[in-house]
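6 protein chains.
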Amino acid sequence: MAEEKPELTHIDKTGAASMVDVSEKDTTSRTAVARGEIRMKAQTLRMILSGNAKKGDVLGVARVAGIMAAKRTHELIPLCHPLPLSKVSIEIDPDDTLPGLVVTATTKVSGQTGVEMEALTACSLACLTIYDMAKAVDRGMTIGEIRLVEKMGGKSGHWRLADEPDQGVE
Amino acid sequence: MAEEKPELTHIDKTGAASMVDVSEKDTTSRTAVARGEIRMKAQTLRMILSGNAKKGDVLGVARVAGIMAAKRTHELIPLCHPLPLSKVSIEIDPDDTLPGLVVTATTKVSGQTGVEMEALTACSLACLTIYDMAKAVDRGMTIGEIRLVEKMGGKSGHWRLADEPDQGVE
Amino acid sequence: MAEEKPELTHIDKTGAASMVDVSEKDTTSRTAVARGEIRMKAQTLRMILSGNAKKGDVLGVARVAGIMAAKRTHELIPLCHPLPLSKVSIEIDPDDTLPGLVVTATTKVSGQTGVEMEALTACSLACLTIYDMAKAVDRGMTIGEIRLVEKMGGKSGHWRLADEPDQGVE
Amino acid sequence: MAEEKPELTHIDKTGAASMVDVSEKDTTSRTAVARGEIRMKAQTLRMILSGNAKKGDVLGVARVAGIMAAKRTHELIPLCHPLPLSKVSIEIDPDDTLPGLVVTATTKVSGQTGVEMEALTACSLACLTIYDMAKAVDRGMTIGEIRLVEKMGGKSGHWRLADEPDQGVE
Amino acid sequence: MAEEKPELTHIDKTGAASMVDVSEKDTTSRTAVARGEIRMKAQTLRMILSGNAKKGDVLGVARVAGIMAAKRTHELIPLCHPLPLSKVSIEIDPDDTLPGLVVTATTKVSGQTGVEMEALTACSLACLTIYDMAKAVDRGMTIGEIRLVEKMGGKSGHWRLADEPDQGVE
Amino acid sequence: MAEEKPELTHIDKTGAASMVDVSEKDTTSRTAVARGEIRMKAQTLRMILSGNAKKGDVLGVARVAGIMAAKRTHELIPLCHPLPLSKVSIEIDPDDTLPGLVVTATTKVSGQTGVEMEALTACSLACLTIYDMAKAVDRGMTIGEIRLVEKMGGKSGHWRLADEPDQGVE
Numbered sequence: 001m002a003e004e005k006p007e008l009t010h011i012d013k014t015g016a017a018s019m020v021d022v023s024e025k026d027t028t029s030r031t032a033v034a035r036g037e038i039r040m041k042a043q044t045l046r047m048i049l050s051g052n053a054k055k056g057d058v059l060g061v062a063r064v065a066g067i068m069a070a071k072r073t074h075e076l077i078p079l080c081h082p083l084p085l086s087k088v089s090i091e092i093d094p095d096d097t098l099p100g101l102v103v104t105a106t107t108k109v110s111g112q113t114g115v116e117m118e119a120l121t122a123c124s125l126a127c128l129t130i131y132d133m134a135k136a137v138d139r140g141m142t143i144g145e146i147r148l149v150e151k152m153g154g155k156s157g158h159w160r161l162a163d164e165p166d167q168g169v170e
Numbered sequence: 001m002a003e004e005k006p007e008l009t010h011i012d013k014t015g016a017a018s019m020v021d022v023s024e025k026d027t028t029s030r031t032a033v034a035r036g037e038i039r040m041k042a043q044t045l046r047m048i049l050s051g052n053a054k055k056g057d058v059l060g061v062a063r064v065a066g067i068m069a070a071k072r073t074h075e076l077i078p079l080c081h082p083l084p085l086s087k088v089s090i091e092i093d094p095d096d097t098l099p100g101l102v103v104t105a106t107t108k109v110s111g112q113t114g115v116e117m118e119a120l121t122a123c124s125l126a127c128l129t130i131y132d133m134a135k136a137v138d139r140g141m142t143i144g145e146i147r148l149v150e151k152m153g154g155k156s157g158h159w160r161l162a163d164e165p166d167q168g169v170e
Numbered sequence: 001m002a003e004e005k006p007e008l009t010h011i012d013k014t015g016a017a018s019m020v021d022v023s024e025k026d027t028t029s030r031t032a033v034a035r036g037e038i039r040m041k042a043q044t045l046r047m048i049l050s051g052n053a054k055k056g057d058v059l060g061v062a063r064v065a066g067i068m069a070a071k072r073t074h075e076l077i078p079l080c081h082p083l084p085l086s087k088v089s090i091e092i093d094p095d096d097t098l099p100g101l102v103v104t105a106t107t108k109v110s111g112q113t114g115v116e117m118e119a120l121t122a123c124s125l126a127c128l129t130i131y132d133m134a135k136a137v138d139r140g141m142t143i144g145e146i147r148l149v150e151k152m153g154g155k156s157g158h159w160r161l162a163d164e165p166d167q168g169v170e
Numbered sequence: 001m002a003e004e005k006p007e008l009t010h011i012d013k014t015g016a017a018s019m020v021d022v023s024e025k026d027t028t029s030r031t032a033v034a035r036g037e038i039r040m041k042a043q044t045l046r047m048i049l050s051g052n053a054k055k056g057d058v059l060g061v062a063r064v065a066g067i068m069a070a071k072r073t074h075e076l077i078p079l080c081h082p083l084p085l086s087k088v089s090i091e092i093d094p095d096d097t098l099p100g101l102v103v104t105a106t107t108k109v110s111g112q113t114g115v116e117m118e119a120l121t122a123c124s125l126a127c128l129t130i131y132d133m134a135k136a137v138d139r140g141m142t143i144g145e146i147r148l149v150e151k152m153g154g155k156s157g158h159w160r161l162a163d164e165p166d167q168g169v170e
Numbered sequence: 001m002a003e004e005k006p007e008l009t010h011i012d013k014t015g016a017a018s019m020v021d022v023s024e025k026d027t028t029s030r031t032a033v034a035r036g037e038i039r040m041k042a043q044t045l046r047m048i049l050s051g052n053a054k055k056g057d058v059l060g061v062a063r064v065a066g067i068m069a070a071k072r073t074h075e076l077i078p079l080c081h082p083l084p085l086s087k088v089s090i091e092i093d094p095d096d097t098l099p100g101l102v103v104t105a106t107t108k109v110s111g112q113t114g115v116e117m118e119a120l121t122a123c124s125l126a127c128l129t130i131y132d133m134a135k136a137v138d139r140g141m142t143i144g145e146i147r148l149v150e151k152m153g154g155k156s157g158h159w160r161l162a163d164e165p166d167q168g169v170e
Numbered sequence: 001m002a003e004e005k006p007e008l009t010h011i012d013k014t015g016a017a018s019m020v021d022v023s024e025k026d027t028t029s030r031t032a033v034a035r036g037e038i039r040m041k042a043q044t045l046r047m048i049l050s051g052n053a054k055k056g057d058v059l060g061v062a063r064v065a066g067i068m069a070a071k072r073t074h075e076l077i078p079l080c081h082p083l084p085l086s087k088v089s090i091e092i093d094p095d096d097t098l099p100g101l102v103v104t105a106t107t108k109v110s111g112q113t114g115v116e117m118e119a120l121t122a123c124s125l126a127c128l129t130i131y132d133m134a135k136a137v138d139r140g141m142t143i144g145e146i147r148l149v150e151k152m153g154g155k156s157g158h159w160r161l162a163d164e165p166d167q168g169v170e
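Residue numbers (full-length UniProt numbering), protein chains in the order written: chain A, 1 to 170; chain B, 1 to 170; chain C, 1 to 170; chain D, 1 to 170; chain E, 1 to 170; chain F, 1 to 170.
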């Protein structure tokens with residue numbers, strides 16, 4: 001069966017890394033949603049949330065950090081293309097069962113390549129910022145389950161993690 | 001019992017975020033080690049590793065991305081102090097049981113504040129770079145278990161995740 | 001009268017900051033002009049200007065700083081969109097009545113959102129650079145009256161500060 | 001009278017701009033406080049403040065923007081030295097008499113050169129961020145009176161704007 | 001003969017530098033190829049190449065540095081326009097006759113202005129990175145012959161260094 | 001003779017790139033001088049110089065670009081350490097025999113590692129900026145002979161290119 005020949009697109013035939021040519025790809029509206037979590041002690045979560053109720057700061061700062069990081073994705077990830085992002089939003093929800101916080105980032109662009117990396121980067125930096133602001137009280141916090149959950153636009157069309165056979169519930 | 005009063009150090013009494021004053025802290029040698037993983041299909045791991053054997057590229061690019069990100073941590077994480085890092089190294093090891101790759105970042109500074117965020121940021125960006133370079137063949141890869149595993153220097157001395165009561169084996 | 005319901009566009013219904021979605025806005029040619037001033041001792045102004053006659057440097061460096069800052073506006077202002085600026089120019093004129101310098105920045109883009117922030121940022125950084133280069137002789141310099149003076153393109157059409165009822169002469 | 005010979009320190013004898021040599025200056029603790037304001041319609045101020053009461057966002061985002069800008073001052077202002085800032089804080093207070101908001105930035109370093117530019121830059125970017133977030137409802141807002149109000153440490157010792165003969169009340 | 005009146009486009013009539021207005025230029029596909037070299041001791045070249053055979057690192061890191069620098073060209077070169085690069089690739093070839101390495105960078109964009117500066121910047125930074133990684137063994141390495149070798153698209157059409165009368169073989 | 005075993009310091013035993021540990025190195029005053037040139041048509045040189053006499057701009061902008069690039073060296077060159085530069089200056093001299101311009105950059109730091117890369121980067125970016133500003137009139141300009149000419153401080157003491165056996169006159 002010859003059809004199964006996936007390739008690492010960022011590596012050319014001679015093995016060198018390069019920023020792939022997207023100039024022939026269509027300019028379409030593209031959206032990506034990524035999600036991740038930061039697990040912590042129940043007490044740390046309470047502190048952040050009560051802090052938040054009064055002050056809005058840990059989660060507010062994390063959202064800003066995530067949004068700003070999305071805009072710098074191409075500076076951080078070597079082979080990412082610069083993209084004129086048309087939207088970035090970050091939602092942070094508490095989850096007592098972790099216990100911890102779930103970060104969801106949505107990015108959008110009208111461009112020739114997708115915005116998955118921007119969403120994943122936003123997610124990661126929002127989590128890292130929460131870690132930074134709470135690390136004095138809980139050094140063992142863990143960032144995890146950062147992954148793409150949905151992707152629209154571009155040649156590959158609509159993709160959802162939930163539809164993947166082996167990935168189970170996201 | 002008055003001793004249990006942990007506080008979110010980046011939030012002042014009025015609830016505003018600020019970059020805390022470290023000017024009175026000792027300048028000491030500080031080291032941090034962070035670790036994370038990226039889980040993928042077994043086939044993706046083989047492709048990266050065989051690619052790597054011949055070419056050195058996915059892992060090589062990810063290492064560079066992690067090192068460069070460590071140096072920009074203070075630009076990305078709003079309340080982090082700028083630090084004159086004296087060392088950054090990234091180790092990436094395959095783990096067939098994930099299957100996937102385990103990224104370990106070590107950072108060092110002689111400074112007034114710790115280098116945990118630099119190690120965690122290096123780890124995250126190395127994982128994101130691996131995702132970027134292999135996403136064309138495996139969109140469902142997941143970044144996880146990013147956490148501090150060791151920390152030396154500074155007022156709090158030597159800390160190891162493995163010694164924490166609830167954290168189990170890292 | 002239901003029509004008066006201005007809203008802070010960068011804050012969503014839940015109160016979280018986000019980079020607003022501009023993907024449905026038209027791509028049109030947009031221009032913005034911002035102006036600001038830096039007031040100083042008459043002696044400082046003379047020194048800068050005579051320095052400039054011979055050397056071209058304080059004002060030349062300030063112009064470069066303003067232009068470069070315009071290009072980084074989206075990195076500095078959290079909810080600004082990245083924009084492919086097609087023009088930035090800075091004009092710096094002495095004003096003996098201040099005494100001081102008046103900085104005018106003009107920015108242009110063909111895009112889905114305006115370039116006001118780029119013009120205002122260019123203006124501010126040009127003023128800050130003048131402060132930096134002359135602060136050894138005049139620490140009390142004051143930057144002021146930084147505002148948008150004109151805006152063309154986009155849904156809101158042509159807007160001029162001079163036409164605003166309460167703003168008087170700019 | 002030979003004593004009156006102030007010089008523009010960033011310009012060498014040949015008239016070229018350069019980053020002056022601070023290597024012989026003492027490493028001392030240095031602090032700077034800068035202040036600025038953004039004037040707006042009374043209605044805009046109410047909207048921001050009530051928004052803030054519920055959500056904490058405009059002022060919260062502006063504080064983060066100011067802090068992050070302080071850390072990048074040397075990238076933005078051509079002849080500024082990079083500095084390992086040990087503290088940055090931003091305070092934003094409403095002032096009904098403007099009407100508007102007053103932004104105060106405090107920066108600290110243990111270094112060979114002062115942190116005035118960092119405080120002034122933080123102030124300017126916090127004001128610009130407020131402008132950005134409220135511009136949809138009030139395009140005529142004006143940023144002004146950005147100046148150094150206090151400076152401690154370094155050869156010149158303690159300086160306060162309030163003590164300057166011609167500057168009046170700050 | 002009035003036709004010979006070339007002008008420095010980044011300087012306006014009053015002598016001030018500005019980022020020229022490209023908003024009226026056509027959006028076309030544009031490509032640039034730049035080349036440069038780094039000369040070194042024969043022994044250094046062997047060390048890099050043998051290192052490379054086993055490890056892939058000096059040249060791999062230099063390629064990544066060149067690609068990442070291309071994306072930041074507009075931040076580094078004051079009057080360059082920001083461009084949404086659609087492709088960057090770097091090729092590094094040994095040349096025993098130098099002895100040294102020859103770096104070729106290719107950049108591509110669909111935009112209103114050319115990508116020469118991006119290709120030249122990529123080339124320069126790849127060479128500087130090689131210098132950095134080998135300087136401990138050969139401080140006298142020299143970077144040279146960095147120039148544009150080909151340019152396609154835009155008003156001026158196809159240009160090749162090899163076709164220039166005085167430039168001889170490149 | 002076992003003494004001849006130079007090694008590429010940025011590559012560890014396993015072949016991976018890393019930012020070498022400088023934490024045990026002495027903090028000393030370190031200076032570096034780098035030089036480079038940009039060759040052009042005689043007519044282009046005259047245009048830049050006459051432009052300069054009246055306006056100061058091409059060379060002025062190039063100096064600023066070089067100084068600003070020096071401060072960002074560690075962001076651009078993957079394995080460079082961040083350094084608190086205490087001085088950067090750029091001198092640009094015409095040379096009719098090239099014909100072209102000779103750029104000399106001097107950098108200084110009190111730190112644990114040298115400032116060669118900062119001087120070389122400043123030199124390269126000053127040349128690239130000259131290219132950018134004059135490319136409309138002379139596309140064939142060539143940047144060359146970028147190399148370290150002097151280095152003081154650190155373990156290796158005083159080094160001058162002119163003293164090197166094979167390098168001849170610099």
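Just so you know, the hints here were simulated from the structure itself, not pulled from any lab data. One should not assume that every hint holds.
Pairs involving identical chains hold if they fit within one copy or between any two copies, as the list cannot separate such chains.
[Said to hold, decoys possible] Using 20 Å as the maximum straight-line C-alpha spacing, the simulated DMTMM-like pairs for lysine to aspartate or glutamate come out as follows: (1) 41 - 145; (2) 155 - 95; (3) 87 - 21; (4) 25 - 93; (5) 25 - 95.
We went through each hint and held it up to the structure:
| no. | hint | result |
| --- | --- | --- |
| 1 | 41 - 145 | both (17 Å within a copy, 15 Å between copies) |
| 2 | 155 - 95 | neither (35 Å within a copy, 32 Å between copies) |
| 3 | 87 - 21 | between (24 Å within a copy, 4 Å between copies) |
| 4 | 25 - 93 | neither (36 Å within a copy, 30 Å between copies) |
| 5 | 25 - 95 | neither (40 Å within a copy, 35 Å between copies) |
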